[in-house]
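Each chain, letter by letter, is given below.
There are 2 protein chains.
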Amino acid sequence: MDMELWYTEKQTPDHGITSKIRRTLYHEQTDFQSMDVIETKTFGRMLVLDGMVMTTDEDEFVYHEMLTHVGMFTHPNPKKVLVVGGGDGGAIREVLKHPSVEKAVLCEIDGRVIDVSREYFPAIAGALSDERVDIQVADGIQHIEAHKGEYDVILVDSTEPVGPAVGLFQKPFYQGIYDALKPDGIMVAQTESPWFNRDLIAQVYQDISSIFPVARLYTASIPTYPSGLWSFTLGSKGKDPLSVDVSEIPELETKYFQPELFHALFKLPRFVEVLTQGEK
Amino acid sequence: MDMELWYTEKQTPDHGITSKIRRTLYHEQTDFQSMDVIETKTFGRMLVLDGMVMTTDEDEFVYHEMLTHVGMFTHPNPKKVLVVGGGDGGAIREVLKHPSVEKAVLCEIDGRVIDVSREYFPAIAGALSDERVDIQVADGIQHIEAHKGEYDVILVDSTEPVGPAVGLFQKPFYQGIYDALKPDGIMVAQTESPWFNRDLIAQVYQDISSIFPVARLYTASIPTYPSGLWSFTLGSKGKDPLSVDVSEIPELETKYFQPELFHALFKLPRFVEVLTQGEK
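Protein chains in written order, with full-length UniProt numbering: chain A, 1 to 280; chain B, 1 to 280.
So that you can see chain A by itself, here it is in the shape it has in the complex (with noise of 0.2 Å):
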């Protein structure tokens, strides 16, 4: 009989979830992180960073469709998209099923999450290949910096708030996206768990809130991730998501977005909205 083996993440020092795992398929500590992929039973292979879940083939497509479309269906006519992290491709993915995209650059610091993305999730990683795609290994920080005035969307596709994604939950990297942001533009941030990151959707929410003239929050089931309940954080300079006609949404390939949830994303759980209302 093989023994079993079981990835456990501890989602926070006392809470986390088990996989069992038919294989480890990859493991290296790269210059920024400790990176593996694993191939699990129940949602088949699984991107794992600093220990932490990123990615797997079955619930992939919740994290990238919702981080992607509701920003790109808010922008009016997105042309030129930045994703900043998202090394796995796919962000892009999303991003290029939208027919206006001219140009989508991906800034992700650790080359290596994108090589290994490549052998190891061809279905999400793929995309990395169009030709409209720009990919730069660098720092997001001072990718924004050097672009002013350049993008219609940028995604913010982090890993946790913790090693070299801390500067990407902090206000002055929203200020320099808003900077790096065309006079209409907008931006999107994966934000975490209501259930668990509670001070830190409502800070970013309130700097956020600071900075655009626009912020909404909304959620998505994503059964990986800590507490299977994520968050995203938006800000405009244009544009308010509320103030889109879904009729006008097109109909795209997708399995968790769909035009007619796009304006029932902003409404709330009640636990849920106080976080944009100052408490915790």
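Hints in this document: simulated from the structure, not taken from any laboratory. Misleading hints may appear alongside valid ones.
Since copy identity is lost for identical chains, a pair holds within one copy or between any two.
Derived SDA-like pairs: lysine to any residue, alpha-carbon spacing no greater than 20 Å straight-line [claimed, not checked]:
(1) K255 <-> T219
(2) K280 <-> D184
(3) K41 <-> P13
(4) K41 <-> Y26
(5) K267 <-> Q142
(6) K267 <-> L252
(7) K255 <-> V274
(8) K255 <-> T276
(9) K171 <-> I249
(10) K20 <-> W6
(11) K280 <-> Q258
(12) K10 <-> E39
(13) K239 <-> P76
(14) K182 <-> E160
(15) K97 <-> R270
(16) K41 <-> E9
(17) K80 <-> K103
Following the hints, put chain B in place on chain A, whose structure we already have.
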């Protein structure tokens, strides 16, 4: 140094949650199931039946509010309400927040769940002492057969579809509920995870659609339940929840439900909506 105790629930054969516990508080093998009360660091006290989390101090509000208020606010004037299962009393607590309610019947097959909940979960079970509550320690299927045309709202607060609750997920039970409801009656059942129980949800939705003129599916985020996303299926002999005027819903003291969430609940992610269309 004390040993570390962790409770692990395999929510599928190959995936689950694990939670550090301060101590075990109670264990009993009842006539129907194994019952444990443990104190976790992240979610407070946790009631575990047959090894599966039923409720916790920290996230119980979601399940109990969302099982209860959607159906209760769809009904124009719910006076007599039945909860099948739900021995912890949480659904009854929410039912009693509606001033129209004259009688709330709890029909729980395992009286020990009621006793232990009263002792270890007073904030959840306390409402069971309200004078409007009629506690029946009995089989839910037999109860509904003996009470035809009596109820305005019936809530099915069952355990998972194994052991004593198997019959509560089958079509004859839903037909029995239909018969136990008054002409404008409404039922809501907890119907498991859209990630892990797709066949079951599709089957239950089809069964309820074939019996009730109106069937609706909605979801809520419950971190200690499998996948973190939970589904509820509503059947109505009268009003369609989609036709409820939200401006007429009074504010209750709730932490998850709020009136402006009401219609948004029925806008489903595409991978969930297909379950209502015969796909899986």
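Hint check results:
In this homomeric assembly, K255 and T219 come within 20 Å of each other (Cα to Cα) both inside a single copy, at 16 Å, and across copies, at 16 Å. Neither within a single protomer nor between protomers do K280 and D184 lie at most 20 Å apart by alpha-carbon distance, with minima of 31 Å and 40 Å respectively. Taking the shortest Cα distances, K41 and P13 sit within 20 Å of each other only across copies (9 Å), while inside one copy they are farther apart (25 Å). Taking the shortest alpha-carbon separations for K41 and Y26, only the intra-copy value of 16 Å comes in at or below 20 Å, while the best inter-copy value is 33 Å.
For the homomeric pair K267 and Q142, neither the shortest alpha-carbon distance inside one copy (35 Å) nor that between copies (40 Å) is at most 20 Å. Proximity of K267 and L252 under a CA criterion of 20 Å is satisfied inter-copy only: 17 Å between copies versus 23 Å inside one chain copy. Taking the shortest Cα distances, K255 and V274 sit within 20 Å of each other only across copies (10 Å), while inside one copy they are farther apart (29 Å). Proximity of K255 to T276 under the C-alpha cut-off of 20 Å is restricted to the inter-copy arrangement: shortest distance 15 Å between copies versus 28 Å within a copy.
Taking the closest pair of Cα atoms, K171 and I249 never come within 20 Å of each other, the shortest separation being 32 Å inside a single copy and 39 Å across copies. For a Cα distance limit of 20 Å, the shortest separation of K20 from W6 qualifies both inside one copy, at 4 Å, and across copies, at 17 Å. Proximity of K280 to Q258 under the C-alpha cut-off of 20 Å is restricted to the inter-copy arrangement: shortest distance 17 Å between copies versus 30 Å within a copy. For a Cα distance limit of 20 Å, the shortest separation of K10 from E39 qualifies both inside one copy, at 18 Å, and across copies, at 18 Å.
Taking identical chains as interchangeable, the C-alpha atoms of K239 and P76 lie at most 20 Å apart only when both belong to the same chain, with a minimum of 8 Å there against 39 Å between chains. Taking the shortest alpha-carbon separations for K182 and E160, neither the intra-copy value of 27 Å nor the inter-copy value of 52 Å comes in at or below 20 Å. For the identical chains of this complex, K97 and R270 are inter-copy neighbours only, at 17 Å across copies versus 33 Å inside a copy, given an alpha-carbon limit of 20 Å. Within a single copy, K41 and E9 get their C-alpha atoms as close as 16 Å, and across copies as close as 16 Å, so both meet the 20 Å cut-off.
Proximity of K80 and K103 under a CA criterion of 20 Å is satisfied intra-copy only: 5 Å inside one chain copy versus 61 Å between copies.
Against the hints set out earlier in the document, violations occur for numbers 2, 5, 9 and 14.
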